[in-house]
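The whole structure should be built from the sequences, with the hints applied where relevant.
Here is how the chains run, residue by residue.
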Amino acid sequence: MTFLEFLKTNHVFFDGGMGTLLQAKGLQAGELPERWNLSHPQIVQEIHRAYYDAGSNVVTANTFGANALKFSAEELDFIVRAAMENARLAQAQSGGDQPKFIALDIGPLGKLLKPLGDLEFEDAVELFAKTVRLGVKYGADLILIETMNDCYETKAALLAAKENSTLPVLVSNAYGEDGKLMTGATPAAMVAMLEGMGADAIGANCSLGPKQLSSVVEELLECASVPVLMQANAGLPKLDGETTVFDVKEKDFAEETAALMQKGLRIAGGCCGTTPSYIKELAETAKNIEIKPISAKNRTVVSSYTHAVEFGKGPILIGERINPTGKKRFKQALVDGDMDYLLGEGVAQQEKGAHLLDVNVGLPEIDEPKMLKAAVCELQAVSNLPLQIDTADPKAMECALRCYNGKALINSVNGKKESMDAIFPLVKKYGGAVIALTLDEDGIPATAEGRLAIAKRIMDTAAAYGIDKKDLIFDPLAMTVSADQNAAKVTLEAVYRIRTELGCHTSLGVSNVSFGLPNRDAINGVFFAMALQNGLSAAIMNPYSAEMMKTYYAYRALKGLDENCADYIASAEQWIPAAEAVAAPAKTQEEARPALQQAIIKGFKDKAAQLTKDLLCSVAPLDLVNKEIIPALNIVGEGFEKKTVYLPQLLMSAEAAKAAFEEIKGFMAGGEKAAGKGPIILATVQGDIHDIGKNIVKLLLENYGFDVVDLGKDVPPQVVLERAIALQAKIVGLSALMTTTVPAMEETIHLLKEQAPWCKTVVGGAVLTKEYAEKMNADFYAKDAMETVRFAETVL
Amino acid sequence: MSGSLIAKIEPSAVNPAEVLRYAGSKGADPAVEELLKECIAEAQREFSYRVCYCCLPLQIDGKDCRIGSLCLRSKALAKTLSGCSEVILFGATLGVGIDRLIGKYLRISPAKALLMDALGTERIEALCDAFCKSQGCKITPRFSAGYGDLPLAVQSDLFALLQCEKKIGLCMTDGLMMSPSKSVTAIFGIKE
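So the sequences go chain by chain: A and B.
For what it's worth, this note's numbering labels the leading residue of the first sequence as 10, then goes sequentially.
For what it's worth, this note's numbering labels the leading residue of the second sequence as 10, then goes sequentially.
Among these hints, one or two may not hold up.
What follows is a list of derived Cβ distance ranges for each label pair [claimed, not checked]:
| hint | chain 1 | residue 1 | chain 2 | residue 2 | range |
| --- | --- | --- | --- | --- | --- |
| 1 | A | ALA581 | B | LYS35 | 41 to 49 Å |
| 2 | B | GLY145 | A | GLU131 | 42 to 50 Å |
| 3 | B | LYS142 | A | GLU796 | 36 to 44 Å |
| 4 | A | LEU526 | B | LYS35 | 55 to 63 Å |
Read the hints as simulated data drawn from the structure, not as lab findings.
Glycine included, every Cβ here is placed at the ideal spot set by N, Cα and C.
If you want it as structure tokens, here you go:
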């Protein structure tokens, strides 16, 4: 009988703690337990056998920390082989007559992934893959990925397991007392991602006792359509004189775990502090508990690294602004590789109330797979909203889905064979819900009936790939009502019938309906309300649109989805114009010019932007820059140098100036680009992950009109050199915060001096001094951002 | 000796003046103070204070400080711990939330990033102070890897002893930096 066959009709008992028992046998703190597979095989075998004797169906081989970060390739091979052999011998020696299996155990790598730490996602996948391949080679029956406290690392491990084996994979996370992972994910978010990627069971282990884990397990049971597992600790460790003891004893542990098995927990074992006697007690206590069938939950869910968003609980707003179509300023930013602009759009839409962000960076002149991947990674560093990945290029889609942290919404598939052939395998592999457009080789049917027929065909094809209809969100296509008077009616009918006849969710790009009409917002808002009333689940929309947001809040209040109308009331304030704003006449040029200077000096971002916008109607852009913005910046900069202005104020002014520049850029986008000075390359050196200082320098340099190319943090010397040569940069600025990374800075300077001798180097950072900088052969040491600006002015 | 313990510690309330000091501000500016208020309100729910610690016997032999199975060679540390026969080794972190906020504002508002960064520094110091205080008043100042002549490289040993990754989600980069970044590991002695 295979493990999965056994799981189908039985409760499965795992083993308990290994580390605690090895320590009792003499394993020293700081010593790697995996080496004991080779040095003390009998002890490891005895522990495994004791668990089998106690009634465990599965023992986890002693490979928790067996990875290529801790061991050489050769030693890793020996360790995994010995670990499997130890488990196999124990299995043969045990007298227990229950079915017995061996799991390859995979624990965390002990490093945080980027952007929080320094480990690349793909490197993590490869590290896990090495262990997985050895586990397969040496005969594991299944893989247990456990104690993972980060969503992204869990994804890397599961991806590695799926790409390198056909074994069943069980995935278990370590939840804290707040019911979340250390990096913030809820159980619902983990279920969404793991189930989408094909985990065979999902669960919780370590960190807490069974009682404290019960709310997490209950949430898992509520969300998961696969078996749920739990391996709790024997409570919390406490110091009893010299030794550590755990505060939950066998009987309580067994009863508390069994209580969860009554509720549907299918796989149970123990973690830290538990011993064979805990498992024996558990197997005994739970032996007569009836098996609860695993039911499909039919929830349509997408997730980020913190939370899940479920369709059907209320209208879902998908912000559409990250899309270059028809936006000159956005196109310019993409071509320039100016990611900050895109990130700003993401954060602003979240603040306006979007639940998901659509991400589209498709432009003919850019490398879309590379750009989309970068956009997804960077957006996930500034926003915790789930993303809707929007591209027509399957290669770009795969790049983005692979690096996405969570379960993405995929935009889109349609009824064409070519589209389904390209997209469905990606959905199956990486998980995801997918927007399905009801069009095919013959175009968009004119009737609701026709669109429904395509939807059905898409459903059938998806099913053939093993993709459930719950992960299909149909978009029956909002067509322009000014071109066809029946267009809106047909779409609304299709929405209704897909929801009621097919039981699927729907989404619409609402604003298409008003194309070609004046005051489009009015049409959009009403059409949105009508669609919601017909069962629409989500809209791809502009969160800045007042009418759309009014409809959203009003609909929820009227549908009883907004307790005490609280959200509606809170949102209403912004629609009632403040009396003074209405009364205040627009400022004249004479009033606005000094006001702009003041706004920049005081650091009022929004005011600076608004005044610039007003002034651009009557003043030439260059005039504004040279006569207002730069003088204001100089006043603040000189104040900083004289120590009458401090760093926070300097930055606030710089941001206000940047907001003014942003208006000017928007005004001039597409036209002549003002010749900037530069370029200047900035980078935080290899090994260093702190880039606050570098970003401050960047902001100020940009405000003073320099073109800055920011290479980011942890940048290898070779990369700095390559870019310096490619761009013929006259200045490279390097930042380092830690003494340990100064050698990397020195090496970078050395390379530049040798191979890009025209290039001046300026260095800064907490640990540097003028003397240090000279010793490293840097051209200039800047003690703060203003000094860098002054230096750049002398060079360029 | 089997693993470190978890301490449940809450630091004192945020001290805005201290945050501004870390941000390099000496004078009070109403606009900056307003911005800091916003930062505190946003960051407050993102702090996840976690501390793990071990209590270990200490033997000092010249420059060698023997702490459990670990031997740290440092004159400055030996001086700090002199007269103690027991030390507490601890790791403390604010979790990833504040790093995410700093990272977010680095891209869209460096002024806020600077204040968030300073706020994180103030919070982790307050957390360490609260933990040390909870261990009684007869303690030495705390001492971290990289102080004086104690090499930063011993950070790896401290991490292994404390099991920081497993206990409090604190990891180390290849360059021996801590992630989450607003974290501290340190040793202090308990005076007789």
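For each hint, the structure was consulted:
{"no.": "1", "hint": "ALA581(A) <-> LYS35(B): 41 to 49 Å", "result": "43 Å, holds"}
{"no.": "2", "hint": "GLY145(B) <-> GLU131(A): 42 to 50 Å", "result": "48 Å, holds"}
{"no.": "3", "hint": "LYS142(B) <-> GLU796(A): 36 to 44 Å", "result": "40 Å, holds"}
{"no.": "4", "hint": "LEU526(A) <-> LYS35(B): 55 to 63 Å", "result": "58 Å, holds"}
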